[in-house]
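Colleague: Okay, here's what each chain looks like letter by letter:
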Amino acid sequence: MKRKSDNSEPGMETQEAKKPRGKLDRQTTEKLGQLLRDYYKERVKEDIPDHLVELVKRFDKRGDEGPQS
Amino acid sequence: MTIDEEVRNAVLAAVPSLRAFAISLSGNVDRADDLVQETLLRALANIHSFQPGTNMPAWLFTILRNLFRSEYRKRRREVEDATGMYAESLKSQPEQIGRIEFEELREALAKLAPDQREAVILVGASGFSYEEAAGICGCAVGTIKSRVNRARARLAELMSIDGADDFGPDRETQAVLTADK
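Going down the list, the protein sequences come from chains Y and R.
The opening residue of the first sequence carries number 1 in the working numbering; numbering runs sequentially from there.
The opening residue of the second sequence carries number 1 in the working numbering; numbering runs sequentially from there.
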């Protein structure tokens with residue numbers, strides 16, 4: 001990601017930080033959306049802890065035995 | 001009570017996405033796993049209230065979102081990261097961060113207002129429609145649209161993005177990457 005703060009002119013960083021930002025243009029919105037989707041896909045691909053899967057499976061087995069008091 | 005096989009499989013199939021949502025919301029894998037576990041326990045205990053044929057992921061996301069909001073109210077100061085603890089927790093888990101852009105995105109997401117964060121994750125990342133996201137968050141469709149737009153603008157601001165050219169490697173890095181071609 002490019003860094004606007006790399007600007008070497010004194011005072012520019014402060015001015016840019018205060019610059020109001022309007023609605024993003026379409027291309028920028030699409031690229032930001034793609035980054036969000038890629039980030040989310042990475043999270044989805046992570047291994048699921050066994051205990052979470054077992055929790056669902058165990059409940060099913062317990063349920064087969066009838067209602068729990 | 002027995003769980004219909006189809007319903008059980010639908011719950012299992014939703015777990016990876018549910019966990020991704022929890023990680024994106026909380027920014028902390030351990031907390032995310034606790035949230036997912038609590039969500040699954042509540043969902044399974046109330047599985048009779050799920051209507052087969054309706055949207056299982058949306059139902060589970062709604063439960064998780066409400067749990068997170070409830071926890072957020074209790075731990076408001078921590079979630080707003082007034083002391084920087086949230087950002088520090090991200091740095092302590094480098095194995096969760098695959099790319100520099102993702103790290104920047106994670107840190108920017110952490111700085112969003114919670115309602116904007118959940119809206120942009122649901123619509124912009126998880127693929128829910130505005131209508132579905134509104135149902136999950138319990139608000140109007142227009143409210144979700146507004147939150148998503150504000151979240152995008154704020155993310156761009158936090159990540160110093162002024163235009164589409166700001167994505168990807170900067171000029172110096174690009175020059176190195178293409179030097180041998």
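By construction, these hints were calculated from the structure, which means they are not laboratory data.
All C-beta atoms in this analysis are idealised placements derived from N, C-alpha and C, irrespective of residue type, glycine included.
One or more of the hints may lead you astray.
What the hints assert, rightly or not - Pairwise CB distance ranges, derived in the manner of DEER restraints:
| # | chain 1 | residue 1 | chain 2 | residue 2 | range |
| --- | --- | --- | --- | --- | --- |
| 1 | R | Ser70 | Y | Val53 | 22 to 32 Å |
| 2 | R | Asn149 | Y | His51 | 20 to 30 Å |
| 3 | R | Asp162 | Y | Asp38 | 19 to 29 Å |
| 4 | R | Ser146 | Y | Asp50 | 32 to 42 Å |
Colleague: Take the C-beta atom of R:Ser146 and the C-beta atom of Y:Asp50, compute their distance, and say whether it sits inside 32 to 42 Å.
Modeller: holds (40 Å)
Colleague: For the pair R:Asp162 and Y:Asp38, does the Cβ-Cβ distance stay inside 19 to 29 Å?
Modeller: With Cβ atoms ~21 Å apart, the hint holds.
Colleague: Using the C-beta atoms of R:Asn149 and Y:His51, is the stated range 20 to 30 Å upheld?
Modeller: At 39 Å between Cβs, range violated.
Colleague: Per the hint of 22 to 32 Å, is the separation of the Cβ atoms of R:Ser70 and Y:Val53 within bounds?
Modeller: At roughly 25 Å between Cβ atoms, Y:Val53 and R:Ser70 fall inside 22 to 32 Å, so the hint holds.
Hint violations for this structure: number 2 only, all remaining hints satisfied.
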